[in-house]
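Chemist: Here are the chains, one letter per residue:
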Amino acid sequence: MSPTIVQHALLLSLALFAIGVVGVFLRRNVITVFMCVELMLNAVNLAFIALSRAWGNLDGQVLVFFVLTVAAAEAAVGLAITISIHRHKDTLDVDAFNIMKW
Amino acid sequence: MSLALFHAILFYMFAAVAVGAALAMVTQRNPTYSAFALIVTLVSLAAVFGLLGSPFIAALQIVVYAGAIMVLFLFVLMLLNVKAELRAEGEGRVFTLVALALGAVLAGEVGSVLVAVRTPMAGAFDASARAVAHVLFEPRYLYVFEATSILILASLVGAIALAKRDPNP
Numbered sequence: 001m002s003p004t005i006v007q008h009a010l011l012l013s014l015a016l017f018a019i020g021v022v023g024v025f026l027r028r029n030v031i032t033v034f035m036c037v038e039l040m041l042n043a044v045n046l047a048f049i050a051l052s053r054a055w056g057n058l059d060g061q062v063l064v065f066f067v068l069t070v071a072a073a074e075a076a077v078g079l080a081i082t083i084s085i086h087r088h089k090d091t092l093d094v095d096a097f098n099i100m101k102w
Numbered sequence: 001m002s003l004a005l006f007h008a009i010l011f012y013m014f015a016a017v018a019v020g021a022a023l024a025m026v027t028q029r030n031p032t033y034s035a036f037a038l039i040v041t042l043v044s045l046a047a048v049f050g051l052l053g054s055p056f057i058a059a060l061q062i063v064v065y066a067g068a069i070m071v072l073f074l075f076v077l078m079l080l081n082v083k084a085e086l087r088a089e090g091e092g093r094v095f096t097l098v099a100l101a102l103g104a105v106l107a108g109e110v111g112s113v114l115v116a117v118r119t120p121m122a123g124a125f126d127a128s129a130r131a132v133a134h135v136l137f138e139p140r141y142l143y144v145f146e147a148t149s150i151l152i153l154a155s156l157v158g159a160i161a162l163a164k165r166d167p168n169p
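So the protein sequences, as listed, match chains A and B.
Using this note's numbering, you'd call the opening residue of the first sequence number 1 and step up by one each time.
Using this note's numbering, you'd call the opening residue of the second sequence number 1 and step up by one each time.
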């Protein structure tokens, strides 16, 4: 294992994060937008793991554990909100959810 | 073939699969196909985690992400019977170009830093479940750990309350 593999893991993390950001901009289905956010969280997890390996420090692994927990909670609540909105609006298009828009 | 070379080949293979599946997820209009592409990305990332010497997190990634969270996503997609996204009225190419440009700016900015940075490489590294648990249950993380259990309980109650049908609408 050479240091370059850690650097390439960080670049992979950046690529996945950028793809997630573009997906949040491009897609209009609220569930797909959610999945792009999950992809971004995973990209950050990869950066934590790679740097944990580089420095030989286990704190990064513990942080990934907490990110996983928060992602699970976020997915559960977010999907419940999605079901609730779908019941009222009968669509999943993010452009239709503008009732709180200024 | 040496083991290090084998590891490197596997790493780049899984990295390519992860990026390809992520691109497929973003370009796909049908959310169900996007969900399947995301599962492929998550499993490849689990393999990358394992190759970076973190078997515990790799297992968690498959059990929690590819297992629990993605099943929840697919469950909701099938419950709501989601159709593929339709092209919106007057959806311009300009918006797509702006989104791609913003993504490219982000990738360029952070990438230029990452290319310049030199990371160290620790020699011995043990990230087994036992080693991670010793750090996780240290006093400095113990309260955070307990807070996550309260978070999970709150989200459990919140999800049931939000998704429940209103008895008197």
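None of these hints come from the bench; they were simulated from the model.
Do not take every clue at face value.
[What the hints assert, rightly or not] The calculated lysine-lysine pairs, modelled on DSSO-like cross-linking and capped at a C-alpha distance of 30 Å, are:
no.: 1; chain 1: B; residue 1: 83; chain 2: A; residue 2: 101
no.: 2; chain 1: A; residue 1: 101; chain 2: A; residue 2: 89
no.: 3; chain 1: A; residue 1: 89; chain 2: B; residue 2: 83
no.: 4; chain 1: A; residue 1: 89; chain 2: B; residue 2: 164
no.: 5; chain 1: B; residue 1: 164; chain 2: B; residue 2: 83
no.: 6; chain 1: A; residue 1: 101; chain 2: B; residue 2: 164
[To be verified] Only some residues are given here: those of chain B computed to face chain A with a beta carbon under 7 Å:
no.: 7; residue: 19
no.: 8; residue: 45
no.: 9; residue: 62
no.: 10; residue: 103
no.: 11; residue: 107
no.: 12; residue: 119
no.: 13; residue: 121
no.: 14; residue: 127
no.: 15; residue: 128
no.: 16; residue: 152
no.: 17; residue: 153
no.: 18; residue: 159
Only a predicted model underlies this, so the values are computations on that prediction, with no experimental measurement involved.
Don't be surprised by glycine CBs; every beta carbon is placed ideally from N, CA and C.
Chemist: All hints, please: hold or fail.
Modeler: Comparing the hints with the structure gives:
1. B:83 x A:101: Answer holds: residue 83 (chain B) to residue 101 (chain A) is near 26 Å, not above 30 Å.
2. A:101 x A:89: Answer holds: residue 101 (chain A) to residue 89 (chain A) is near 16 Å, not above 30 Å.
3. A:89 x B:83: Holds, at about 15 Å.
4. A:89 x B:164: 16 Å, holds
5. B:164 x B:83: Given pair residue 164 (chain B), residue 83 (chain B) holds - Cα atoms ~23 Å apart, limit 30 Å.
6. A:101 x B:164: Judged against 30 Å, a Cα distance of about 25 Å means the pair holds.
7. 19: At 6 Å from the nearest chain A Cβ, residue 19 (chain B) passes the 7 Å test, so the hint holds.
8. 45: 6 Å, holds
9. 62: 11 Å, violated
10. 103: Cβ of residue 103 (chain B) sits 4 Å from chain A, so the hint holds.
11. 107: With Cβ-Cβ at 4 Å, under 7 Å, it holds.
12. 119: 4 Å, holds
13. 121: Holds, about 4 Å.
14. 127: Holds: closest Cβ of chain A sits about 5 Å from residue 127 (chain B), inside 7 Å.
15. 128: 10 Å, violated
16. 152: This interface hint holds because 6 Å falls under the 7 Å limit.
17. 153: 9 Å, violated
18. 159: Holds - the Cβ of residue 159 (chain B) comes within 7 Å of chain A, reaching about 4 Å at its closest.
Hint check: violations occur at hints 9, 15, 17; the rest are consistent with the structure.
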